[in-house]
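Chain S is fixed; fit chain L onto it per the hints.
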Amino acid sequence: MDKGQMKKGVLELCILHVTASEELYGYEIMKRITGAFPEINESTVYAVLRRLHGDGCTESYTGETSGGPTRKYYRITPVGKERLEKMRSEWQEMLEALKSLGI
Amino acid sequence: MTKKQYLASLRKYLRFRLSNSEIDDILADMEECFEAGAAEGKSEEEICLSLGEPRSAAASLLSEQTGSERITSLAEVWLPLLLSVALFAVYTYCGFTAEIEKHDLILPIVCILPLFIWILFERKDFFTALAEYKCDFFTFLGSVSMLAAGAMLNEIPKRTFINRYSDVQNYAALMAVFVSAAMLMLAVSLWKNAPKPFSAAPLAGIFFIVYESVRFCRAYDYWNIETDDAYSRSNQAAEIGTSFHNILITIFVCASAFLIWSFIRRNALTLASAYSAMTVTGFMFFWYYTLSALDPTAGDLLYYLEFVITGRNYLIWGGVAAAAVLVLTIIVKLTKLKSRKKVG
Numbered sequence: 001m002d003k004g005q006m007k008k009g010v011l012e013l014c015i016l017h018v019t020a021s022e023e024l025y026g027y028e029i030m031k032r033i034t035g036a037f038p039e040i041n042e043s044t045v046y047a048v049l050r051r052l053h054g055d056g057c058t059e060s061y062t063g064e065t066s067g068g069p070t071r072k073y074y075r076i077t078p079v080g081k082e083r084l085e086k087m088r089s090e091w092q093e094m095l096e097a098l099k100s101l102g103i
Numbered sequence: 104m105t106k107k108q109y110l111a112s113l114r115k116y117l118r119f120r121l122s123n124s125e126i127d128d129i130l131a132d133m134e135e136c137f138e139a140g141a142a143e144g145k146s147e148e149e150i151c152l153s154l155g156e157p158r159s160a161a162a163s164l165l166s167e168q169t170g171s172e173r174i175t176s177l178a179e180v181w182l183p184l185l186l187s188v189a190l191f192a193v194y195t196y197c198g199f200t201a202e203i204e205k206h207d208l209i210l211p212i213v214c215i216l217p218l219f220i221w222i223l224f225e226r227k228d229f230f231t232a233l234a235e236y237k238c239d240f241f242t243f244l245g246s247v248s249m250l251a252a253g254a255m256l257n258e259i260p261k262r263t264f265i266n267r268y269s270d271v272q273n274y275a276a277l278m279a280v281f282v283s284a285a286m287l288m289l290a291v292s293l294w295k296n297a298p299k300p301f302s303a304a305p306l307a308g309i310f311f312i313v314y315e316s317v318r319f320c321r322a323y324d325y326w327n328i329e330t331d332d333a334y335s336r337s338n339q340a341a342e343i344g345t346s347f348h349n350i351l352i353t354i355f356v357c358a359s360a361f362l363i364w365s366f367i368r369r370n371a372l373t374l375a376s377a378y379s380a381m382t383v384t385g386f387m388f389f390w391y392y393t394l395s396a397l398d399p400t401a402g403d404l405l406y407y408l409e410f411v412i413t414g415r416n417y418l419i420w421g422g423v424a425a426a427a428v429l430v431l432t433i434i435v436k437l438t439k440l441k442s443r444k445k446v447g
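Sequence lines, in order, name chains S and L.
Terminal number for the first sequence in our numbering: 103, no gaps in between.
Terminal number for the second sequence in our numbering: 447, no gaps in between.
For reference, chain S alone in the conformation it holds in the complex (with noise of 0.2 Å):
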């Protein structure tokens, strides 16, 4: 797994796990997810986010904010949240090697 690969499965990860707790459009998801790793474009996140859409780990609606235009939201399927659960459960025993590594 190159520092690509592995970047991209942790953006999947968190970009799922947003989705799960909170109903959000996309350019709110894009800045959480940006304003924890600072590195990476919003274009990346957009990029990822709209794969997942096409793999059906997403479902988008169209909502209002509270004062203004119309915005793209977007919620997790059940789909989506088994990847969730797996993904979570694979960096949960990535973590625990790691630990028991001493790293």
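The set of hints was computed from the structure by calculation and includes no laboratory data.
Do not take every clue at face value.
A few chain L positions that, by computed beta-carbon distances, are all more than 12 Å from chain S [stated by the list, open to error]: (1) 105; (2) 107; (3) 111; (4) 276.
The list that follows gives simulated cross-link-like pairs (lysine-lysine, PhoX-like), each with its CA atoms no further than 25 Å apart [said to hold, decoys possible]: (5) S:99 to S:7; (6) L:107 to S:72; (7) S:8 to S:81; (8) S:8 to S:99; (9) L:145 to S:99; (10) S:72 to L:106; (11) S:8 to S:72; (12) S:99 to S:86; (13) L:107 to S:31; (14) S:31 to L:106; (15) L:107 to S:99; (16) L:145 to L:106; (17) S:8 to S:31; (18) S:81 to S:7; (19) S:7 to S:31; (20) S:31 to S:72; (21) S:31 to S:99; (22) L:107 to L:145.
Every value quoted in this text rests on a predicted model; they were computed, and no experiment measured them.
Heads up, the beta-carbon is just placed ideally off N, CA and C, and yes, glycines get one too.
Same frame as chain S, but now just chain L:
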């Protein structure tokens, strides 16, 4: 960079690889980001910065959507073109050695075959590919029809004035069919209104038609010159042919370099221009070779002369095409640089 520039740039990088509907969808999402950012009081410049360079944005989108970061694919532009040119050359040679009528209707089929093969290799589902790439496909079909019409245009005056055959109306009808087909295909491709690499091909088709008419006129003039000194005329013709050949190679090599440069710079406009120059010179090059393959001493000397003496026309039209492409590119480059400076 402004929002408009950012979106235009992103479209430019994506258009070779994604369908129009996908690109429109992405751009609509991006536009929403700009709106949301503006609502938070961010400037367009700041939003562009946080989104990241359009090129890297396109690369990550492409890598997620298609599994490859390649912004353009060499094979996508080259394979159908080169195969078509090669097949057209074979067709031309067969047309001169056998009865041309037998090959007239094979031409369009032969020329679109490589595109079919390309679509089948590139995309597994043919109909999805056809729907996604219909703009490219119809423009390509249109250009092939134009080429066929050009071939007919050459035949009509030759058969009327030189051979004095009575079947000229067949050629006129065929030409009308090809021209109407070309117009229809171009209308369909314009309906989607998206610039694509194949859009340069119809231009080549038009050049080819003009070239065919000029070629005929030159040959006809030469035919009418009365002289007994056929040997010296043949020498003169061969000389013109050789110098033409060298210059043509130069143009061809320059166009190739231009094309490679466009790929490296990922410049869609120069890519299209280079593609158009390559198409024009490529056709001339192959045409020239297939014609020179005929033994000059075996056949009618005037028949040979007609091919070689018109080398000048190949040169003129090749030069005009290359110059037009160059001037257009320079103009666009200069205007782009100007607008970039203003923004900076």
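Cross-check of the supplied hints:
1. Separation of residue 105 of chain L from chain S is adequate, the least Cβ-Cβ distance of about 16 Å exceeding the 12 Å criterion.
2. Here residue 107 of chain L stays apart from chain S, with its beta-carbon at least about 17 Å from theirs, past the 12 Å limit.
3. Chain S leaves residue 111 of chain L outside its interface by the beta-carbon criterion, the shortest separation being 15 Å against a cut-off of 12 Å.
4. Distance check for residue 276 of chain L against chain S: the nearest CB is about 49 Å away, which clears 12 Å, and the non-interface claim stands.
5. At roughly 20 Å between alpha-carbon atoms, residue 99 of chain S and residue 7 of chain S fall within 25 Å of each other, so this suggested pair holds.
6. About 21 Å separates the Cα atoms of residue 107 of chain L and residue 72 of chain S, which keeps this hinted pair within 25 Å; it holds.
7. Among the hinted pairs, residue 8 of chain S with residue 81 of chain S is consistent with the structure: their alpha-carbon atoms are about 18 Å apart, no more than 25 Å.
8. Of the pairs offered as hints, the one joining residue 8 of chain S and residue 99 of chain S holds, with about 22 Å between alpha carbons and a cut-off of 25 Å not exceeded.
9. Of the supplied pair hints, the one linking residue 145 of chain L and residue 99 of chain S is violated, its CA atoms being roughly 42 Å apart against a limit of 25 Å.
10. The straight-line distance between the Cα atoms of residue 72 of chain S and residue 106 of chain L is roughly 19 Å, inside the 25 Å bound, and the hint therefore holds.
11. Among the hinted pairs, residue 8 of chain S with residue 72 of chain S is consistent with the structure: their alpha-carbon atoms are about 23 Å apart, no more than 25 Å.
12. For the hint pairing residue 99 of chain S with residue 86 of chain S, the CA-to-CA distance comes to about 20 Å; that is within 25 Å, so the pair holds.
13. The suggested pairing of residue 107 of chain L with residue 31 of chain S holds, with an alpha-carbon distance near 21 Å, which does not exceed 25 Å.
14. Note on residue 31 of chain S and residue 106 of chain L: the hinted pairing holds, with a Cα-Cα distance of about 18 Å set against a maximum of 25 Å.
15. The straight-line distance between the Cα atoms of residue 107 of chain L and residue 99 of chain S is roughly 49 Å, outside the 25 Å bound, and the hint therefore fails.
16. Distance restraint check for residue 145 of chain L and residue 106 of chain L: the Cα-Cα separation of roughly 12 Å lies within the 25 Å cut-off, and the hinted pair is therefore satisfied.
17. For the given pair, residue 8 of chain S sits about 16 Å from residue 31 of chain S by alpha-carbon distance, which is consistent with the 25 Å threshold.
18. Straight-line distance between C-alpha atoms of residue 81 of chain S and residue 7 of chain S comes to about 20 Å, which keeps the hinted pair within the 25 Å bound.
19. The hinted pair formed by residue 7 of chain S and residue 31 of chain S meets the criterion: a straight-line CA distance of about 17 Å does not exceed 25 Å.
20. Only pairs whose Cα atoms come within 25 Å are accepted, and residue 31 of chain S paired with residue 72 of chain S is accepted, the gap being roughly 15 Å.
21. Simply put, residue 31 of chain S and residue 99 of chain S have alpha-carbon atoms about 31 Å apart, too far for the 25 Å limit, and the pair is violated.
22. Between residue 107 of chain L and residue 145 of chain L the alpha-carbon distance is near 16 Å, which keeps this suggested pair within the 25 Å criterion.
Hint compliance for this structure: hints 9, 15 and 21 are not met, and every other hint is.
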